[in-house]
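**Q** If you're matching them up, the sequences are chains A and B in order. Start counting the first sequence at 1; every next residue gets the next number (the UniProt record's numbering). Start counting the second sequence at 1; every next residue gets the next number (the UniProt record's numbering).
What the hints contain is simulated information worked out from the structure, not anything from laboratory work. Among the hints, erroneous ones may be present.
To be verified - Under the rule of at most 25 angstroms between Cα atoms (straight-line distance), these lysine-lysine pairs were calculated in the DSS-like manner: (1) Lys288/A / Lys102/A; (2) Lys35/A / Lys223/A; (3) Lys223/A / Lys270/A; (4) Lys112/B / Lys102/A; (5) Lys205/A / Lys112/B; (6) Lys166/A / Lys205/A; (7) Lys35/A / Lys121/A; (8) Lys419/B / Lys102/A; (9) Lys112/B / Lys239/A.
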Amino acid sequence: MRRIVPIAIFLLTLFVDPFVRAQGLVDGFMRGQRKASLALTYSQESFDRYYVGTREIRDPNLGTVSTQSLNLYATYGLGYDLDLIVNAPYVRTEASAGYWPKQEGFQDLTAALRWEAYDYKFGKTRLSWLFALGYSLPLQNYVIDAPVTIGHGSRNLDGRTMLHFKAGAFFLTGQYGYIRRGAVSLDRVANYYQPDNLNPNSGSKVNVPDVTDIVVRSGFSTKYFYVDGWWQQQSPYSKGTDIAPGIPYPTNAVGFTRAGASLYMPLIRKFGLTGAYSTTLDGRNVGKSTRLSGGFIIGL
Amino acid sequence: MKTYACLFVTLSLLTGLSACKEPTIDEGILPFVTPTSTDSTGGTWRTVLLTSAAEIAVPQPAAITSDAYQSELTAVKNGLLSATPEQNTAVNYWAAGSVQRWNQIARLLVSKYNVDAAYDETTGQYAPYDATKPVASAPYAARLYALLSVAQYDALVVSWRAKFRYNRPSLERQGILARVPILDVPSYPSEDAAVAEASCQVLAYFFPAETAWLKAKAAEHKQSRVWAGACVPSDLKAGEELAAAVAAKAITYARTDRFDRARDPNNTWESLRSRAPYDLTWKSLDIPARSPMLPLAGTTRTWFDSTAIVRALPAAPPATTTPAFQQALADVRDLANTRTRDQWRIAEFWSDGSGTYTTPGHWNRIAEDLVRQYGQNELRSARTYALMNRAMQDGATVGWRTSFTYFVPRPSQVDPTIKTAVRIPNMPGYPSTHALLANAATTVLVYLFPNEAEVLKAQAAEATLSQLYGGVQYRFDVDAGARSGVAVGQLAVGWASADGAR
């Protein structure tokens, strides 16, 4: 089974949209020592409604915001219980109305280590307990404080733990993570109104709220196909703002509930195709987006 | 195996440690500034709203040997020994400078109120105007900052006159060790009470819904000076009374400066547009279209000589059919298509649009750093702000009058492929008010802080070009704005050179 470990699921949560990029990089399947895989996927995502705070609206001056991204995703088994994961997306996003220009470029480079700490066998079933730690940083100084952007430009530290259960072809993974987001520098002085904000010229450095991330994923993984369904909830942990005039976009408290499904089909030996779909069920300061992606995966 | 475990445990702990609640923005703490001069002749400086400082009579204070004064002094001494942490916080906050703090409060309120009417999806309309929530856009804010700093300045000139006339010695000279640095001037009347009262009343006139909040701030400010050991309650009372008289003058000025009609609820600007001496006129690029920002703000009464102001109005812009215009349009298009990250930063840095303290607020912030750096006392910092803010309000008036004469369309209206790095201001473009205000403000600041001329001129040059980089102005907009700005700034410099301060 491990030979065709699907990567589709990684890519699925690696979504990109103009208000937030959550990176649920990691799944419960270990790569295996000195095994590597490389995935290249293309995704198309769009929304015409978004959440201001938790209120859903449509802005005629933005129209439909659509985002295309090209993702390069690689994993390598450093040991039988330790994987290295690296990811770099190229993103392009634009709005159909108004005068905000298209934004395009390399977004954030992410590297993560995944460690399978415990592995219990119960007859034909297996339960493993994994930990992962990732770091990401922007690959270039892209625009972060506008309605149409490719990211929020922070450096992030992502720590997560997961339980992965497998019985024959069936699997169930639950994971909980905390993403620590570093402060970012705006192009301007942040001087927005907060009742507890004594001084309206605090400088250009603002905090990007941290988030917690819960992902539940389940499906079947066999030699001939892989299919899963998942549900993800990301919630702001530290105090943040809501989208409003003058409020820096990176300080907004971003959260969402999304669900999706993905499919992977091996074609010839180590080469396979993947496709995925996801949609936003609820959110906060985020686009109500749907996303479709497809690509290929090569095992090495 | 073990090493991985150690690594993961350590890193996880680190992640956990860092996962504490963080503020949304960091506020630095600046050291107190000790003013470099007392300006003992300040009471003779030329006032703006008052004919002279003598117009407001400040009563003779009780002698320091009187029982009334001595008991006040004892109470202050005892208070110093029993200060609470809350009192200390207030003392330190207000010790940064009363003029500066109230200017910051004004900027905070402007950024709170500088919000356009919201679009309602269900009706497809913008929310109707709410008089309790005025939209504090640039001309509104320019007028607010001007009136605020003029009221502060006049109240301080009156205070200074009374201080050096009655010469009630400062508490420090009577052996009281204050908690924060105090300017060594006579304590009666309190300059802090004067600034607090004048500022509170002027700001409450602009934002009536904030009255209670402002009054609480002013009360805390006044009281903090007693807690600090800077003055006694009778000093506060005198400062408060003289400032109330000055604030009344400021509010009378505000009621009669013709700004009330700037909002133009009956859309009379449309007839101005139909008569505009320009071949292609502006229309709103917002979806749905909305009425422009304060169309009649250009008819506001000016602080400086109105005939000189009229001379500062920009000349007619090139018609859209001329090669000059076509070249200017092509320049904007090229800039927008090849905009660098740094040009984007400059456009964004100076745009100061909706939800911010506006462009005049930005220059007040820059002035604040200079006032602090040069250790200006309350009176002199009020003068700095009053000069600069009057120049900026007149600059805004010049800009608005010109914009609503020619109704020159924004580049994106003529060529919708031009994308902008900042939101397109909902008003005609010519001239660039960013350029105008930048040059008006820096002309004044360069006069007041000649050692900073190089930095200020560089800032003005960057601000001038910023909105061209943003894609919302033509080069002829920014050039005309810069010229008018310098002309208006010179009027303020002329005033400053003869106001008695040196």
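**Q** Next step is simple, just say for each hint if it's right about the structure.
**A** Cross-check of the supplied hints:
1. Lys288/A / Lys102/A: Given pair Lys288/A, Lys102/A holds - Cα atoms ~19 angstroms apart, limit 25 angstroms.
2. Lys35/A / Lys223/A: Between Lys35/A and Lys223/A the Cα gap is close to 17 angstroms, so the pair holds against 25 angstroms.
3. Lys223/A / Lys270/A: Satisfied, since the Cα-Cα distance of roughly 11 angstroms is no more than 25 angstroms.
4. Lys112/B / Lys102/A: violated (30 angstroms)
5. Lys205/A / Lys112/B: Holds. Lys205/A to Lys112/B sits at ~20 angstroms (cutoff 25 angstroms).
6. Lys166/A / Lys205/A: Judged against 25 angstroms, a Cα distance of about 46 angstroms means the pair is violated.
7. Lys35/A / Lys121/A: holds (23 angstroms)
8. Lys419/B / Lys102/A: holds (8 angstroms)
9. Lys112/B / Lys239/A: With Cα atoms ~19 angstroms apart, Lys112/B and Lys239/A stay inside 25 angstroms; holds.
Comparing the model with each earlier hint shows violations of hints 4, 6; every other hint is respected.
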